[in-house]
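All chains should be built: construct the whole structure from the sequences, respecting the hints.
The chain contents come next:
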Amino acid sequence: MNKLFRTLLLGGAVCAALSSCTKSDSNDTVIQYPLAGCFAMVADLNDGNVSYYQGVNYETEINVTQATATMSMTGLELPSGVKYPAISLKNLKVGADQGWTAVSAATPAVSVPGFGSVPSFKDFDLHIYDRMIGNLYVPGVMISYIVDGHYKVFSSREGQIVFGTTTSTGPDGNAFKNTEATIGLTFDTKTMKVMVELPGSQFASGMPAQNIVFKDVPFSMNVDGEASFEMAALTPFIGDTPYPQFPISDLKAVYNFKTGLTMNFTCTIGPMPYKVEVTGKY
Amino acid sequence: MTTFAPVKSSIIAIVATIFLSGTMAGAEAPDSVRPAHKLRGLEVVGVKNDPSGTAVGAPITRISGAELRRLGVDAVKGVGEIAPNLYMPDYGSRMTSSIYSRGLGARIDQPVVGLSVDNIPYLNKDAYDFSFTDVERIEVLRGARAVLNGRNTMGGQINVYTLSPLRARGFRAQAEYGTGNAARVSAGYYGSVSPQVSMGATAGWGRSDGFWTNEYTGKKTGAENQASARWKTVWRPNEALALTNTAVFGYTKQDGYPYAPVETGVVSYNDTCAYRRTTFADGLTVAWAGKRVVVTSNTSVQYMNSRMDLDQDFTTTEMFTLTQAAKEWAITEDLFTRGTRGKYSWLGGAFLFYRSTDMNAPVTFKNDGIATLIEQHRNDVNPVYPIEWDTRRFTLGSEFDLDVTGAALYHESALRLGKWTLEAGLRLDFEHTTLAYNSRCNTGYTTWHVLPDGSKELYSHTPIKIDDGSRLAKNYLELLPKLSAGFEFAPRHEAYATISRAYKAGGYNTQMFSDVLSQRIMEVMGMTQLYTLDQIVSYAPETSMNYEIGARGATSDGRVSAELTAFFIDCRNQQLTVFPPGSVTGRIMTNAGRTRSLGVELTGAWHVSDNLSLRASYGFTDATFRSYNDGRNDYRGKRVPYAPSHTLFGEVDWRIPALSFHGVTPGLDASVRGAGRIYWNEANTLSQPFYALASASVSFTASRWSLRLWAKNLTGMHYDVFYFMSMSRGFVQHGRPRELGVTLRVNIQ
Chain A
1 MNKLFRTLLL
11 GGAVCAALSS
21 CTKSDSNDTV
31 IQYPLAGCFA
41 MVADLNDGNV
51 SYYQGVNYET
61 EINVTQATAT
71 MSMTGLELPS
81 GVKYPAISLK
91 NLKVGADQGW
101 TAVSAATPAV
111 SVPGFGSVPS
121 FKDFDLHIYD
131 RMIGNLYVPG
141 VMISYIVDGH
151 YKVFSSREGQ
161 IVFGTTTSTG
171 PDGNAFKNTE
181 ATIGLTFDTK
191 TMKVMVELPG
201 SQFASGMPAQ
211 NIVFKDVPFS
221 MNVDGEASFE
231 MAALTPFIGD
241 TPYPQFPISD
251 LKAVYNFKTG
261 LTMNFTCTIG
271 PMPYKVEVTG
281 KY
Chain B
1 MTTFAPVKSS
11 IIAIVATIFL
21 SGTMAGAEAP
31 DSVRPAHKLR
41 GLEVVGVKND
51 PSGTAVGAPI
61 TRISGAELRR
71 LGVDAVKGVG
81 EIAPNLYMPD
91 YGSRMTSSIY
101 SRGLGARIDQ
111 PVVGLSVDNI
121 PYLNKDAYDF
131 SFTDVERIEV
141 LRGARAVLNG
151 RNTMGGQINV
161 YTLSPLRARG
171 FRAQAEYGTG
181 NAARVSAGYY
191 GSVSPQVSMG
201 ATAGWGRSDG
211 FWTNEYTGKK
221 TGAENQASAR
231 WKTVWRPNEA
241 LALTNTAVFG
251 YTKQDGYPYA
261 PVETGVVSYN
271 DTCAYRRTTF
281 ADGLTVAWAG
291 KRVVVTSNTS
301 VQYMNSRMDL
311 DQDFTTTEMF
321 TLTQAAKEWA
331 ITEDLFTRGT
341 RGKYSWLGGA
351 FLFYRSTDMN
361 APVTFKNDGI
371 ATLIEQHRND
381 VNPVYPIEWD
391 TRRFTLGSEF
401 DLDVTGAALY
411 HESALRLGKW
421 TLEAGLRLDF
431 EHTTLAYNSR
441 CNTGYTTWHV
451 LPDGSKELYS
461 HTPIKIDDGS
471 RLAKNYLELL
481 PKLSAGFEFA
491 PRHEAYATIS
501 RAYKAGGYNT
511 QMFSDVLSQR
521 IMEVMGMTQL
531 YTLDQIVSYA
541 PETSMNYEIG
551 ARGATSDGRV
561 SAELTAFFID
571 CRNQQLTVFP
581 PGSVTGRIMT
591 NAGRTRSLGV
601 ELTGAWHVSD
611 NLSLRASYGF
621 TDATFRSYND
631 GRNDYRGKRV
641 PYAPSHTLFG
651 EVDWRIPALS
661 FHGVTPGLDA
671 SVRGAGRIYW
681 NEANTLSQPF
691 YALASASVSF
701 TASRWSLRLW
711 AKNLTGMHYD
721 VFYFMSMSRG
731 FVQHGRPREL
741 GVTLRVNIQ
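If you read the sequences in order, they're chains A and B. Final position of the first sequence in my numbering is 282; the numbers increase by one with none missing. Final position of the second sequence in my numbering is 749; the numbers increase by one with none missing.
Simulated from the structure, these hints should not be mistaken for lab results. Be careful, since some hints might not be right.
Some chain B residues close to chain A (C-beta under 8 Å, calculated; not the full set) [stated by the list, open to error]:
1. 443
2. 447
3. 524
4. 525
5. 527
6. 528
A partial selection of chain B residues facing chain A, derived with a Cβ cut-off under 10 Å [unchecked claim]:
7. 381
8. 462
9. 466
10. 610
11. 632
The following label-pair restraints were derived from C-beta to C-beta distances [what the hints assert, rightly or not]:
12. 256/A with 354/B: 56 to 62 Å
13. 432/B with 180/A: 28 to 34 Å
14. 451/B with 266/A: 39 to 45 Å
15. 233/A with 451/B: 56 to 62 Å
16. 75/B with 177/A: 51 to 57 Å
17. 95/A with 451/B: 55 to 61 Å
18. 634/B with 266/A: 32 to 38 Å
19. 256/A with 629/B: 50 to 56 Å
20. 46/A with 442/B: 55 to 61 Å
21. 444/B with 177/A: 33 to 39 Å
22. 637/B with 233/A: 56 to 62 Å
23. 471/B with 148/A: 53 to 59 Å
24. 256/A with 634/B: 42 to 48 Å
25. 266/A with 272/B: 49 to 55 Å
Yeah, the Cβ is synthetic: ideal placement off N, Cα and C, and Gly gets one too.
This is the structure:
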């Protein structure tokens, strides 16, 4: 599986390094989660404008024994032009939420050593879904909080990987299912375009499995952690080469950073259109 | 009284059985083996036969040296059909030793029949095919032989014994010339160095032009030059101890694989096809006879250095070629003891081996191969963005280190209860196989963008740099039981039944690495590699349950003997190559098949008089797939390909002393051997009907020499011995044409 996403995973889209587990001085079990290279979508609650920033890092330390956590974040920038150095959050509570580890605090204690103004944080929520893909640690990450009562921030990784099913239905009405589908999404928050990777795709029996890529599909995102994208027509790539003989049409998709992907499109192979439905989850 | 006297009776029985069933009646020609002045019992206990000393549930075809020479058999392949249901087609080169026995067989990797030469077990079937001289006898132990012989003996075991310097004396030489400008000469000397030490040394050389012409080059294809040498030493320091050491060297150089397209029947290809092989083996047998037990050790060291070059498409186009260069070392040790106490006999031992193969097997894609197999296929799918390979030639490099270590414990017991003989045996086989590989490729291609006006612009360049390497390992453990029962319902008449389990070793098929690299290249081009390398190249052991009943008998004077055998084999986890779903190019190894094989074998011999003998054998096998789906087709119920349904052998040997003149006795020998129907594919749409090859010879035998005028395939029968598919084309190798020749033998004592 690592090979299928070597570009995605090694190209910096993964902001997570391996977590480490240690014992504190008081013999509590402490786990560190270094979540680096995330994007932050910052919505101005007053005028509704949205800005995107990259390179935000969240270093979280969870005391499993005490069910508490602290966090240090760097790289946070606001539309006002403020660029914070390291922000430290304390008094975070740790719980579980449907397989995710949830770290939250309504009003965490905030400190910004060496910085003049200290922002206020409200409704801090961090969800981590621990996951190994091959030998790589590729967790699910969702972070949201409100800064100074003015900006709502949603943060996660640009690279997303989910697993699920593709169901393709040919003109004869017969459905072909691949229940071991892997879907990769890379949300480029600078260009606001998403790349969708479908490695090992098969839409018909006997069709060779191919690494199909949809490039440069515009997307939009809301601050609740849901992205959507659609495109009337596009030329898929197989490997690095466009294949205009197999046009994609009517692409529509919704990706929730917590619950997963729902995507539909039509792939035309020769004279035959195949309607493809894709679902994927962590 | 000698220390080994209690054991001697069983040894005598062994020797008597061996010589009785393998010897034709009539005055022995001066070049045949004569019994030594007295029995050298300890020498023959290097032979690992069943403990009872008789072949309970174990049909054996014995072919004496004299018969081998009469039939012109100078290689192991020649014993096919003489032993019923044994088929060893002569095609390709000396490297291709495909053996089919009772419907079981394999073209690649592990064989189903084991081979031992002077107690040296040959672990690699690439070395099975060699020319031999001065062979004393060959035994074909038919049916599963797993308990005593272990791995890769699902279909039997072939034992070759060369002349012993204890029994042969003097100078022996042979000169032969025949069709195809084929010449062979050999010479040897056997004698005693001291009262305890006897030695024999022999050397041989042969050549042949081959029988077919490569129309493209105008040269003969199938030509061969080969040489061999053997030095055998027997040392008996005392009556309880015997040591035999055999050192053997072999060299073969062959040109051409005479494969022709089915539609033309003409051999025509442009790239080199050749095979060269150098082998060396040394085997030491030490036998010690105690008061009630005999302990034997067979130790061997083997070395093989080979190189095969192949025009893989066998056409005049520049598609792709394969080179396979390998060096292999093997060490084996078989230590066993046997003994008898009253009605109870036993044999038990341990077997160890280590085999290390270092192989380099590059595949080179050439201009036409790149154009048609890669560019055209790819550009037909995407003509708007066509690709152009960087070079018109590139190499897929593959290097392997394949090591196999094995250990086994075995035991077999026999109990005589009146007319009944009951045998039980068990073997525990363990193998550890490792494969270290490195696959490399450094090439690339350019993608163009064809514009609406027909012009093209550069789109991208994709380098393909592959340098993969890793190490795989597997362990296998097999338990192999056997039960036999024999009943002597009349003197020299016995019925028997046997149930046993056998297996063909698992491992790694290095020939699949070209598929591995092809899939890696396709991966760079956007196709998905769905299967791991281990899934593509590795295979687990193939196992069989064997059920056999039979009866044999002989007249009181031994002049007439016959044997009838019926068998059923249930073979599971058959090693197959399949096309898995979603794979772009190709194949993976799998254990997906199951076959069942049932049949009968009939052998008989009639020594009409001291000068006239008849011998015949017939085998029938109905072998079908019980399950085999290769991902594209389901072959359940189809006949297993490459294994013949029928084999036939018959011989009449007539010495005519009444026509003797000046001490020269003439003789006539006529034989026929046939095989078929042989299906060439799993779908059973192509086959070779049954064919029979008649041979005859006229001999003139004197006390010190013999001259034989011979003909093989006397009627010039046209038949095919092999068929395969390559790039959707069928290829065949035709059988050898009529051959005429003369052989002169000299034996001066």
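Status of each hint after checking the structure:
Among the interface hints, the one on residue 443/B is violated; its C-beta lies about 15 Å from the nearest C-beta in chain A, farther than the 8 Å criterion. Among the interface hints, the one on residue 447/B holds; its C-beta lies about 5 Å from the nearest C-beta in chain A, closer than the 8 Å criterion. Taking 8 Å as the C-beta cut-off, the interface hint given for residue 524/B holds, the closest approach to chain A being about 7 Å. Interface hint status for residue 525/B: upheld, as the beta-carbon distance to the closest one in chain A is roughly 5 Å, under 8 Å.
For residue 527/B, the interface hint holds, the least distance from its beta-carbon to any beta-carbon of chain A being 6 Å, beneath 8 Å. The interface hint given for residue 528/B is met, as the beta carbon of that residue sits about 4 Å from the closest beta carbon of chain A, less than 8 Å. Annotation: interface hint on residue 381/B holds; nearest CB of chain A at approximately 7 Å, less than 10 Å. With its C-beta approaching chain A no nearer than about 6 Å, residue 462/B sits inside the 10 Å limit, and its interface hint holds.
Below 10 Å, beta-carbon pairs count as interface contacts, and residue 466/B has none with chain A, the closest being about 12 Å; its hint is therefore violated. For residue 610/B, the shortest C-beta to C-beta distance to chain A is roughly 69 Å, which exceeds 10 Å, and the interface hint is violated. The beta carbon of residue 632/B comes within 9 Å of a beta carbon in chain A, closer than 10 Å, and the hint placing it at the interface holds. A C-beta distance of roughly 59 Å is found between residue 256/A and residue 354/B, which places it inside the suggested range of 56 to 62 Å.
Residue 432/B and residue 180/A have their C-beta atoms about 32 Å apart, which keeps the hinted 28 to 34 Å range intact. Checked against the hint of 39 to 45 Å, the pair residue 451/B and residue 266/A fails, with Cβ atoms roughly 27 Å apart. About 20 Å separates the C-beta atoms of residue 233/A and residue 451/B, a value inconsistent with the hinted range of 56 to 62 Å. For the pair residue 75/B and residue 177/A, the supplied restraint of 51 to 57 Å holds, since their beta-carbon distance comes to about 55 Å.
In this structure, residue 95/A and residue 451/B meet the distance hint of 55 to 61 Å, their C-beta atoms being roughly 60 Å apart. Checked against the given bound of 32 to 38 Å, the beta carbons of residue 634/B and residue 266/A, roughly 33 Å apart, stay inside it. Checked against the hint of 50 to 56 Å, the C-beta distance between residue 256/A and residue 629/B comes to roughly 41 Å, which is inconsistent with it. A hinted range of 55 to 61 Å holds for the C-beta pair residue 46/A and residue 442/B, which are about 59 Å apart.
Between residue 444/B and residue 177/A the Cβ separation comes to about 36 Å, which falls inside the hinted range of 33 to 39 Å. Between residue 637/B and residue 233/A, the C-beta spacing of about 49 Å breaks the proposed range 56 to 62 Å. The hint said 53 to 59 Å for the Cβ distance between residue 471/B and residue 148/A, and at roughly 58 Å that hint holds. Remark: the range hint 42 to 48 Å for residue 256/A to residue 634/B is upheld by a beta-carbon distance near 44 Å.
Separation of residue 266/A from residue 272/B is about 52 Å and conforms to the stated range, judged on CB atoms against 49 to 55 Å.
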